[in-house]
Amino acid sequence: MRRVSSRALLAGAALGVAASLVHADDTKQEIQKYQRMTAESSPVELWEMEGADLWKQKRGPNNVSLERCDLGMGPGVLKGAYAHLPRYFKDTGRVQDLESRLVTCMTTLQGFSEQEATKRVFGNADKPSDMEYLAAYVAGRSRGVKMQVSTNDPKEKAAYEMGKALFFYRAGPWDFSCASCHGTEGKRIRMQELPVLSSPKGARGTYTTWPGYRVSVSQLKTMQWRLNDCFRQQRFPEPKYVSDATIALTMYMAVNANGATYRGPGTKR
Amino acid sequence: MPGPMKIRATAEAGYTEIRVLMSHPMETGLRKGPDGKLVPAHFIQNITVKVGGKTVVEGQISQAISRNPVFAFRVKGGNKGDKVEISWVDNKGEHNQTETAVA
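Sequence order for the protein chains is A and B. Just so you know, we're using our numbering here: the first sequence kicks off at 248 and counts up by one. Just so you know, we're using our numbering here: the second sequence kicks off at 19 and counts up by one.
Here chain B stands alone, though its shape is the one from the complex (with noise of 0.2 Å):
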């Protein structure tokens, strides 16, 4: 299960300052468990932001990502109320996303 997310996104002059952290486990696939068996990939590939309605990041990640990692993103535009979405999908095809409106 997808644990939870948090987002913040503020209007400063000019741009849209977009803080995100997500709650992930984000194995490499490289570590092995305490039975001595690798313990399996695991992490998110695919990041998604979008403001208004409009995609302004597509991102692709992958193992080199810390666990239950943070994100920033600086966008030009924006304002007050704007919608931001957020979703990630991992290599399992799990998902999570959130939302709020920009302050």
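Same shape as in the complex, but just chain A (with noise of 0.2 Å):
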């Protein structure tokens, strides 16, 4: 009596796991429908638009527009400038990410202090930062253009292999690192599946969407606040904005997703 009872419970147990499986698979396609049907109907142009006036407008103590912003590619132009970074800037003499070249133009060109330039970089809902805009709008001026990232230059290199050395820094109070998220194949948070970040595929698929309109919090989120808060999941203190180890970081995802078209700014859950 006993051992038919043990088996028709590993029956059941069997029957249960072919099922969540099945369940599973369904759950995966519903999510791939829900993300395509985001993206068709994604808000982010709004922040493009917004961020193409902000582009032109005069401002700061020097009333003048960023139209003369070099983003790499020479003064103003943005055709695929976010496709090549971050990069080695001679002026600065740092490897620089789209947002602290965009802080560079404001402090160098508009005369605004790092601090003034820097005040409000995350905006919220109800009223988005203009650092979101304009990573927005520049972002939107690489869309169909091929991640190109160098690391020729030997500083590039080095904020390459600083990136790669902090993405798999073990460290807080749970010993984590990026890597125990975002360095094996299969793992997810919740129903979210988590990209590699390491390898070429899981790095492709996903830096080339960011930044990205989050449907959820109905705001644009930069590659800047993205990082931020991979720490603060991790429970690391929160990083300096554009500091040299964030920017080493988008170094390391974006050479690693070096070749893939840039089609951003994306759409997220």
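Hints in this document: simulated from the structure, not taken from any laboratory. Given the structure is predicted, the values throughout are model-derived calculations rather than measurements. In this text, a Cβ means the ideal position worked out from N, Cα and C, and glycines have one as well. Worth double-checking, as some hints may not be accurate.
Claimed, not checked - Sample of chain A residues lacking proximity to chain B, with all beta carbon distances greater than 10 Å (derived):
hint: 1; residue: Ala372
hint: 2; residue: Lys434
hint: 3; residue: Lys487
Said to hold, decoys possible - So the derived label-pair ranges between C-beta atoms look like this:
hint: 4; chain 1: B; residue 1: Lys72; chain 2: A; residue 2: Ala372; range: 51 to 61 Å
hint: 5; chain 1: A; residue 1: Phe415; chain 2: B; residue 2: Gln63; range: 51 to 61 Å
hint: 6; chain 1: A; residue 1: Val464; chain 2: B; residue 2: His113; range: 19 to 29 Å
hint: 7; chain 1: B; residue 1: Gln63; chain 2: A; residue 2: Thr431; range: 43 to 53 Å
hint: 8; chain 1: B; residue 1: His113; chain 2: A; residue 2: Lys374; range: 16 to 26 Å
hint: 9; chain 1: B; residue 1: Ala82; chain 2: A; residue 2: Gln395; range: 20 to 30 Å
hint: 10; chain 1: B; residue 1: Pro22; chain 2: A; residue 2: Lys366; range: 19 to 29 Å
hint: 11; chain 1: B; residue 1: Ala119; chain 2: A; residue 2: Lys366; range: 33 to 43 Å
hint: 12; chain 1: B; residue 1: Val57; chain 2: A; residue 2: Arg283; range: 42 to 52 Å
hint: 13; chain 1: A; residue 1: Gln276; chain 2: B; residue 2: Gly51; range: 29 to 39 Å
hint: 14; chain 1: B; residue 1: Gln63; chain 2: A; residue 2: Ser288; range: 34 to 44 Å
Put the complex together from the two separate chains, hints included.
See below:
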């Protein structure tokens, strides 16, 4: 009697596993459908429009626009600029990502102090930040351009290596690294699959859709914000805005994504 | 102040595809703000779509629509160059409109 019931239980358990596998497959398909639908009705263009206005607007103590801002392709050249960032800039002597370069342009061209330029870099749903508008606008001008981030300059190479080291660096109260979540295939958080950002496949799919509009919070989120949020989830202290560490991590992911076509700004859950 | 709108209209074989993006908070009136008080309802109530001066869509929408909504319409007929006008009115009486030519 006892044997029969345990066998029945086992059979039941096996059925349960099979059923949950089918269920997981369905769920994955449903999530993909949801992602397609949100991408189709993304309001991200609104951010690009506001960013375009802001780019051309005369602002700051010098009362000039950002139209002469050099994002690495020459002053004022936007096409493809984001697909080549981060990169080494001679005038500042450092490797810079989009946001840090925008801060540079706001200080050198428009005459803002660094403090003023970074006073409000992360906005909210009711009032997005200037940085978010500008990031969406500039990134959007690289849509359809192949990611081609260079590591030819020794400083670029060093940033890439530092980013790689940081990616695998375990610390904090939970002994977490970026790789704890984004280092092996098949991991997920709640229903979200986690991309392996150390592999070209994962990095290409993910990096090319940031910055992105988050449907759940109705906000456009920049890469600097995204990294901060990863550090928050790892229980690390919040990094300084556009610090060498966050730029190095961006560099690492961007180089891993090389060769993929930039498709952002994207739309996220 | 109503935010910007973005509109796109393209002529296809036998129909016109219209897509419009509106910026609006679309507050339901059920959400509480950081101060613990209800955020007053603020949402688009009526949408009107005109093609070549003729009203083709009159929509009444509610709080169930998301913030910064996107609408797409497929309208029979329509030719390149036709004027497409879209306007909305919200529950506070604020309104906005935009127009484009069918491409």
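Status of the hints after comparison with the structure:
1. Ala372: Label violated. Min Cβ-Cβ 7 Å, cutoff 10 Å.
2. Lys434: 30 Å, holds
3. Lys487: 26 Å, holds
4. B:Lys72 with A:Ala372: 51 to 61 Å: Because 36 Å falls outside the window, the suggested range is violated.
5. A:Phe415 with B:Gln63: 51 to 61 Å: 54 Å, holds
6. A:Val464 with B:His113: 19 to 29 Å: Check passed, 27 Å falls within 19 to 29 Å.
7. B:Gln63 with A:Thr431: 43 to 53 Å: Holds: the Cβ-Cβ distance is about 50 Å, inside 43 to 53 Å.
8. B:His113 with A:Lys374: 16 to 26 Å: 22 Å, holds
9. B:Ala82 with A:Gln395: 20 to 30 Å: 44 Å, violated
10. B:Pro22 with A:Lys366: 19 to 29 Å: 24 Å, holds
11. B:Ala119 with A:Lys366: 33 to 43 Å: 41 Å, holds
12. B:Val57 with A:Arg283: 42 to 52 Å: With a Cβ separation near 31 Å, B:Val57 and A:Arg283 fall outside 42 to 52 Å, so the hint is violated.
13. A:Gln276 with B:Gly51: 29 to 39 Å: 37 Å, holds
14. B:Gln63 with A:Ser288: 34 to 44 Å: 20 Å, violated
Consistency note: the structure conflicts with the earlier hints numbered 1, 4, 9, 12 and 14.
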